[in-house]
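Between the sequences and the hints, there should be enough to build the whole structure, so can you do that?
Quick note, the sequences are listed as chains A and B, same order. For reference, each letter of the first sequence is one residue, going 1 to 115 in our numbering. For reference, each letter of the second sequence is one residue, going 1 to 116 in our numbering.
Simulated from the structure, these hints should not be mistaken for lab results.
Taking lysine to any residue and the SDA-like style, the derived pairs with C-alpha atoms no more than 20 Å apart in a straight line are:
1. B/Lys27 x A/Gln45
2. A/Lys49 x B/Tyr103
3. B/Lys44 x A/Ala5
4. A/Lys107 x B/Glu40
5. B/Lys44 x A/Gln6
6. A/Lys107 x B/Met60
Just so you know, these numbers come straight off a predicted model, no measurement behind them.
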Amino acid sequence: AQSVAQPEDQVNVAEGNPLTVKCTYSVSGNPYLFWYVQYPNRGLQFLLKYITGDNLVKGSYGFEAEFNKSQTSFHLKKPSALVSDSALYFCAVRDPVSGYSTLTFGKGTMLLVSP
Amino acid sequence: NAGVMQNPRHLVRRRGQEARLRCSPMKGHSHVYWYRQLPEEGLKFMVYLQKENIIDESGMPKERFSAEFPKEGPSILRIQQVVRGDSAAYFCASSPPGTGVLYEQYFGPGTRLTVT
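Structure (structure tokens):
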């Protein structure tokens, strides 16, 4: 079975500082990994994905994520946080070997960026 | 190109009533997914449908819940005899036809169901 863990319920960072939102996963094969962001009372917006290739993936709004197979991690990063980045962030995994076409989500991490 | 549409955005039902949630996928998308988000929790997969077919319903409760995606019209998630525990945000997502595993899913704004 595939699973995702986001160990931090909340991450606090000052505007202009770098941010990291952590994600680890468990799948039986090579994972497909995704990050989504959710603003209050809105649906999820796609940020970026890792399918294959370079371990560093660049996505929307200046976000990037690094795939680390040995640590089974896919941490989301941004060099300089903005107050407008404050939102709920979800990591998700899909395991193509298992035949699942669906996404398994982590519980989410609330990012709060202070001015 | 309109995104994924869901209606209603908010739905209030009394215990025992039926709830019908609608989802229109993005234009050109033929894969539809339904997820439920309970307070303080992440999204939980419920069901995956293609036109006229249920592909994976492993996340659906065994009773009272059903889903369809007819040849014409939106996908419908139906909850019969709702209970307070059904109160949640229900999200629909869609993805293009073909190799679905490679594509990200595009989410609608959700329907927030409140059972009183």
